[in-house]
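Protein chains in written order, with the working numbering: chain D, 57 to 388; chain C, 115 to 231; chain Z, 58 to 476.
Do not take every clue at face value.
The list that follows gives simulated cross-link-like pairs (lysine to any residue, SDA-like), each with its CA atoms no further than 25 Å apart [what the hints assert, rightly or not]:
#, chain 1, residue 1, chain 2, residue 2
1, Z, K454, C, K190
2, Z, K433, D, D278
3, Z, K433, D, R284
4, Z, K433, D, G273
5, Z, K91, C, K190
6, D, K237, Z, K91
7, C, K207, C, C186
8, Z, K91, C, D214
9, Z, K454, D, M317
10, D, K292, Z, G462
11, C, K190, Z, L234
12, Z, K337, D, D278
13, Z, K433, D, Y314
Label-pair restraints from in silico Cβ distances [said to hold, decoys possible]:
#, chain 1, residue 1, chain 2, residue 2, range
14, C, D131, Z, R354, 39 to 45 Å
15, C, D161, D, G224, 55 to 61 Å
16, C, M128, Z, R90, 34 to 40 Å
17, C, D161, D, M105, 18 to 24 Å
18, Z, R354, D, D226, 42 to 48 Å
19, Z, T265, D, T176, 50 to 56 Å
20, Z, T272, C, M128, 53 to 59 Å
21, D, S339, C, R132, 56 to 62 Å
Since the hints were derived computationally from the structure, they do not count as laboratory data.
All residues carry an ideal CB built from backbone N, CA and C; glycine is no exception.
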Amino acid sequence: MSHSEAVMWAEKYRPKTLEEVVNLKDVIESLKAFLKNPATMPHLLFAGMPGTGKTTVALCIAQQLLGPGWRNFTLELNASDERGINMVRERVKDFSRYSKGAFADIPYAIIILDESDQMTPEAQTALRRIMETSSRTCRFILICNYSSKIIEPIQSRCAIFRFSALRGEDMVKHLKYIAEKERLELPDDAAKTIVEFSEGDLRRAINILQTSAVYGGERTIDEGTVFRVVGQAHPKQVQVMLNKALNGNFLEARNTLYDLMTTYGLSGTDIIRQMHRELYRLSYLSPEEKAELANVIGEYDFRLSEGANEDIQLSALLAQFTRFSKSRANLR
Amino acid sequence: MKVLNKKGFRLPYMGTDRFRELTRMGVEYERGSFFIRNLNNVESIKDALSEILSERIAFTQTCLICGKEFLCTDCKYYDACLTRDLPFHCICKKCSQKNDLYEQCVERGKLRIKHAY
Amino acid sequence: MSSIMWVEKYRPRTVAEVIGNEEAKASFIDWLRKKSRKRAVLLYGPAGVGKTALVHAAANDFKYKVIEMNASDTRTEEAMMKIAGPATSLTSLEKFSLGIKGSLLLLDEVDGVFGREDRGGVSAIMRIVQESRVPVVLTANDPDIERLRPLRRACRLIRLRGVRIPLIVAFLQKICLVENVAAEEEALEMIAQNSQGDVRSAVNDIQTLCEGKRTLRREDAQRIFVRNKGFNVYETLRGMFSAGSAAEAYKVLDGSLMDYDTLLLTIHDNLPLRYRDPEKLATAYDVLSKADVFRGRVGTENWQLLSYVLELLTQSTTIAPKEYQPFNFIFPPTKLTLLKWTRSERTLLEKICAAIGSRCHVSRRFANSEFIPFLKIILGRESEQAAQMAAWLGLDKESIDYLRGKDQQIGADEDEGIE
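With these hints in hand, go ahead and build the complete structure from the sequences.
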């Protein structure tokens with residue numbers, strides 16, 4: 057890939073082999089043992105926060121196990137993209153049928169199922185059966201954020217690997233490496249700011265880096281640019297809106313919402329995601345309260361995807377938050 | 115309010131973009147004069163012309179019975195009409211006083227078809 | 058006492074007898090008579106304005122035999138072919154397209170065929186249009202020409218509109234004359250106005266009113282139509298918000314002239330003014346959000362879900378009926394609410410997310426929250442880099458424009474010019 061070709065850097069600099077992955081030493085060591093003797097590899101479960109290398113490692117395994125034609129024998133699925141477990145079953149069925157022919161060359165086909173903790177327990181039960189019926193010809197690599205959300209029967213059939221978040225200095229190193237390759241200057245302060253905003257998610261850090269480079273247009277990435285980029289992508293207004301709602305001030309919260317939707321052009325899904333994130337940062341809520349509100353957000357996230365009007369769904373969500381403030385006040 | 119006859123009207127210079135837009139909508143042009151034959155999008159045309167002329171536009175109506183051109187503004191159903199000021203056929207005030215309106219419309223219609231074919 | 062339907066009895070037998078839409082009539086005859094014409098024509102317009110009537114009348118005038126087919130009844134290609142073939146059990150289109158000279162194929166209400174579920178219905182129609190050697194006439198109700206896009210190139214489009222009031226009055230006058238009914242002009246005007254251009258319904262209405270009577274007075278017409286006068290916006294809002302119960306609010310809703318989409322948005326704007334108490338507001342909004350969800354599910358097909366939308370709307374305005382206090386309504390809906398998330402925008406966003414998802418190994422949902430905000434900036438300014446990036450992601454121009462925030466109407470059609 058030449059430097060002049062414009063692609064997402066998160067993809068361009070994704071390690072292609074396990075050797076290239078710099079951190080996760082223990083994970084890599086164990087996996088290498090399986091790769092030496094593929095028949096011994098069970099299904100795998102990768103657990104960890106976003107941007108910690110789970111998909112990368114899964115793809116590396118596929119490449120290393122299946123050789124140059126690996127794409128033909130690898131199926132990538134995302135739980136949120138498929139409409140229900142039946143679709144997953146269909147796709148797995150079709151896939152195993154198709155890849156049956158060339159099994160002489162490879163030990164098995166690989167199915168990477170991302171966001172598996174977003175599947176309901178019922179769906180996961182069905183998934184376990186699918187894993188079983190196709191285990192002669194396929195190995196599953198399940199990816200999730202929280203392994204606790206994966207049902208026991210699946211966990212017991214998998215080798216579980218935890219992907220811990222990168223340390224700050226490792227992220228900075230990685231970012232500087234990319235900057236150098238892209239012939240850019242990344243001063244320390246800008247790098248630190250990016251790392252801060254990325255919250256342990258290397259992919260997001262790289263996206264911020266790339267966006268800042270484009271936005272600033274200069275050889276040197278300026279810290280101010282980073283702020284501006286993040287502000288545009290994740291404005292503080294979300295926090296403001298949340299606080300207003302929790303203070304019982306519906307109309308002002310709704311105005312801020314409209315602002316987010318018009319001035320910042322955020323979509324309903326953007327806003328809900330950020331509300332979810334901001335919720336956990338609020339110091340004046342107890343964990344139980346956060347959990348309860350997160351449930352409400354979840355409910356409205358779902359309605360958002362089905363409904364016709366985003367502003368109605370989000371206003372309704374804000375109204376629920378406003379009610380919450382009142383009941384809290386009553387308890388005091 | 116500007117009155118236009120769909121069979122021929124003039125417009126001030128409007129630039130190539132607008133001209134192309136009008137043509138796409140169905141307005142035709144020949145020797146300095148514009149006319150509209152295809153009425154499928156005449157509502158949009160009316161709006162566009164209104165913008166170009168910076169004025170409300172009213173097209174003339176053609177009477178089904180006497181054939182004369184007249185305006186909607188005199189009509190008693192002006193407020194309720196769904197297609198007012200658009201260039202269609204209708205019945206003018208004078209003719210609407212007559213008795214057997216429908217029959218007359220039909221007769222005139224027959225003649226029009228005969229003449230065309 | 059007449060035992061025959063007046064819409065049948067007074068059906069136009071010749072083109073001259075069809076009232077209204079003179080221009081469309083002329084255009085249609087022109088199409089029919091010309092040898093060098095597009096093989097198919099699409100007559101579109103609201104119900105009851107004379108589309109099918111025109112076809113039959115013209116066929117009568119110019120001696121064509123009409124072979125009729127209701128496209129919404131037959132869905133699969135096979136079924137359509139069977140019916141389209143003449144009575145001698147021809148099943149292949151080839152044989153059919155020899156056509157009986159002097160016949161004309163009428164496919165009524167093709168809107169039904171162009172839904173998403175149709176297996177082969179669309180392609181069947183296109184094949185008929187392309188291969189038929191006899192003229193093909195299609196009719197459609199739906200003004201949403203967007204869905205009928207595949208037909209644009211193949212057909213001449215002719216639009217029919219609601220018939221104007223003086224013409225409907227004239228027609229009703231003639232009917233009353235023949236039926237020996239003394240009708241007050243004002244009564245006829247009311248019927249005509251109420252029909253909103255739909256001649257068929259006007260004729261049905263007048264038959265209903267004249268059943269067993271010799272006179273038709275203004276009061277008679279008025280009594281039936283007072284419900285149809287309809288509540289305007291303020292009456293609707295006042296009625297719905299001040300109603301003592303959801304059932305009462307429903308009566309208002311039923312008699313309202315407002316379309317439910319506008320009503321949904323208007324209620325949304327006014328809820329916080331009606332309910333000051335956060336508890337009640339939250340409850341009302343929860344209900345309204347459910348109404349919106351159902352509205353989203355209705356889409357273009359599941360009309361039966363609409364009843365849930367309406368029911369929920371009435372519930373949302375009557376949460377605490379005893380606590381109603383008059384307030385100034387917000388109307389029309391605030392500008393933002395007019396930026397509602399249209400279906401085509403949603404589909405476009407899904408398309409973009411799918412493209413990102415497959416390139417960057419993430420789900421569509423993830424792409425939406427984690428990539429789109431950045432991509433909006435990266436692709437924000439036109440540059441060679443941006444173009445390359447877009448190409449790498451596989452984004453088309455529409456997607457790029459959308460990410461740039463261009464205020465284009467997604468999916469807008471270029472208006473048809475003269476062919």
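Structure-based check of each hint:
About 50 Å separates the Cα atoms of Z:K454 and C:K190, which puts this hinted pair outside 25 Å; it is violated. With a CA separation close to 20 Å, the supplied pair Z:K433 and D:D278 stays within the 25 Å bound. Restraint check: the Cα-Cα separation between Z:K433 and D:R284 comes to about 14 Å, which is no more than 25 Å; the hinted pair holds. Taking the CA atoms of Z:K433 and D:G273, the gap is about 15 Å. The hint holds against a cut of 25 Å.
The straight-line distance between the Cα atoms of Z:K91 and C:K190 is roughly 39 Å, outside the 25 Å bound, and the hint therefore fails. With a C-alpha separation of about 69 Å, the suggested pair D:K237 and Z:K91 falls outside the 25 Å cut-off, and the hint is violated. Of the supplied pair hints, the one linking C:K207 and C:C186 holds, its CA atoms being roughly 10 Å apart against a limit of 25 Å. Of the pairs offered as hints, the one joining Z:K91 and C:D214 is violated, with about 34 Å between alpha carbons and a cut-off of 25 Å exceeded.
At roughly 23 Å between alpha-carbon atoms, Z:K454 and D:M317 fall within 25 Å of each other, so this suggested pair holds. Using a Cα cut-off of 25 Å, the hinted pair D:K292 and Z:G462 holds, with the two alpha carbons roughly 21 Å apart. Among the hinted pairs, C:K190 with Z:L234 is consistent with the structure: their alpha-carbon atoms are about 23 Å apart, no more than 25 Å. Distance hint between Z:K337 and D:D278 is unfulfilled; the C-alpha atoms sit about 49 Å from each other, more than 25 Å.
Pair hint Z:K433 plus D:Y314 holds up; C-alpha atoms about 19 Å apart against a cutoff of 25 Å. Checked against the hint of 39 to 45 Å, the C-beta distance between C:D131 and Z:R354 comes to roughly 41 Å, which is consistent with it. Take C:D161 and D:G224: their Cβ atoms lie about 59 Å apart, and the range 55 to 61 Å holds. For C:M128 and Z:R90, the Cβ-Cβ distance of about 36 Å falls inside the hinted range of 34 to 40 Å, so the restraint holds.
The supplied range of 18 to 24 Å is broken by C:D161 and D:M105, whose beta-carbon atoms lie about 54 Å from each other. In this structure the hint that Z:R354 and D:D226 lie 42 to 48 Å apart at CB holds, the actual value being about 47 Å. At roughly 54 Å, the beta carbons of Z:T265 and D:T176 sit within the given window of 50 to 56 Å. Distance hint for Z:T272 and C:M128: a CB-CB separation of about 56 Å, consistent with the stated range 53 to 59 Å.
The beta-carbon spacing between D:S339 and C:R132, approximately 59 Å, falls within the hinted interval of 56 to 62 Å.
Hint compliance for this structure: hints 1, 5, 6, 8, 12 and 17 are not met, and every other hint is.
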